[in-house]
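Visitor: Based on the sequences and whatever the hints tell you, model everything.
Protein chains: 2
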Amino acid sequence: MVYGVDMPMTETASGRADGGVRSIMRAVDLLDLFDAEHPWRPLREIVTLTELPKTTVVRLLATLEGLGLVADRQDGTYGLGARFLQWVRLSEAMWEVSEGTRRVMRELVDRCGETVNLYIRQDASRVSIAQQEGTTTVRSVVTVGAQLPLTQGATAKVLLGAAPAPVWELLERRHPEVDLAALRREVAGTAEIGYSVTHGERELGASSVAVPIRRHGRVVASLSVSGPTSRFTADRIGGYVDAVTDAAQRISAAGLGSVEVFL
Amino acid sequence: MVYGVDMPMTETASGRADGGVRSIMRAVDLLDLFDAEHPWRPLREIVTLTELPKTTVVRLLATLEGLGLVADRQDGTYGLGARFLQWVRLSEAMWEVSEGTRRVMRELVDRCGETVNLYIRQDASRVSIAQQEGTTTVRSVVTVGAQLPLTQGATAKVLLGAAPAPVWELLERRHPEVDLAALRREVAGTAEIGYSVTHGERELGASSVAVPIRRHGRVVASLSVSGPTSRFTADRIGGYVDAVTDAAQRISAAGLGSVEVFL
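Residue numbers (UniProt numbering), protein chains in the order written: chain L, 1 to 263; chain U, 1 to 263.
If you are wondering where the hints come from, they were derived from the structure by calculation, not from laboratory data. From a predicted model like this one, the values you see are computed outputs, not experimental measurements. Errors might be hidden in some of the hints.
Note that identical chains are pooled: a pair holds if it fits in a single copy or bridges any two copies.
What the hints assert, rightly or not - Calculated pairs, SDA-like style, for lysine to any residue (alpha carbon to alpha carbon, straight line, at most 25 Å):
id, residue 1, residue 2
1, Lys-54, Gly-113
2, Lys-54, Arg-22
3, Lys-54, Val-219
4, Lys-54, Glu-203
5, Lys-54, Glu-37
6, Lys-54, Thr-136
7, Lys-54, Gly-19
8, Lys-54, Leu-31
9, Lys-54, Arg-139
10, Lys-54, Phe-262
11, Lys-54, Pro-166
Guide: Below is the structure:
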């Protein structure tokens, strides 16, 4: 990744880039509106959520539909197009963690009962590339592959510990509202103590314990246990930290599989 | 889908659109370069294949990388980013055909030995949304989800039989090299006889037999059997036509499942 201070094209909010870059971001913002809870959306809803003029949305939908990235139903709602099928197997194969890693993650779920995620940093975001859901009815679930903020959450503090200076510059430009000095202190503290615990930073009532996964001495990912804050009580946190640390050490020793070429 | 003669934004070749639309098309053209045979590509290769200036490609890659759609390896090659994981389950779930349809397709493979595909029309392209591979070493394989031309191949002639006028207008604009009058005659003949047989239209040495799948009296998809031309001999074609027609009638009667909302 080439970071350029003069290239604001990696902004996440499409409103802050220009021209063609903005169009690509708008397209991705629109495609992001579709998830398991909202597989179809009416035009009206897409206009509201993208905060774009209706004419722009209609034009964008027509473009995406022509490219097979969006499809419409007979009832006038829109969803993901069949073209995504083209990338399904390839992206899964490329980002698959080793069977050994998945086994350690499942064992960690068995031990804690809570959802386990493996996060990596991508540019100035964090992304879960593997998830094993917890065993309880009320559990933490994130969308694998979705970009989450690097300014919030336990895994963010772990991953930022290994982030180069340009990532901090991006954060400064994108998140003027965040106290980066405070975040730097938290990141430094996390690196020193070896784990991070957060409660409700990104979402009220959601807690997480995260530790680094190292390969060849470098932090390449973060393993976390997440669940409702009500179960992350003081008397349990210690056990969670121990369990996730053990698991991360096993994964660090064995490796994550072929996905490491990206990390 | 709103077709507009004054909206050339649905052109497939990015060179023929303008502004933001072109950027989105270029981005998709670039992402299309990655497939099972080419999961990673060096910058040099991407520049050559996209036929874009190197500076444009570098800028585009930086944008896509910032959005998590592209990732780079330590050796300087690029591949699909982890963000695609976000759409994997959803797109698979949305475009999944019913278990009954898959069973009929597998039985058709057992009967013919050749690869079976279920194609739909999307805008002015055709796309396989389900595939059962043949049982022989030399077999026909297409990428499920990939946009293929509606001007070539047996399933194209079946699907065009149900295409509205604006689709023909798009084909006229996009494929000035194609004799559309001749194609119209072939499509009419296919509709009359109920099947289409092609040899080497899209790829030398590849043959196909295709028939329509109808729902509520309307052609919504095309079922095909494809393989090397050397096995699609005159004495075998009749059997293939019978087999694929039987299978299509069973699918037409039972339905394709929830994917029908898009068809």
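Visitor: Hint numbers the structure violates, sorted upward?
Guide: Hints 1, 3, 4, 6 and 9 not satisfied by this model.
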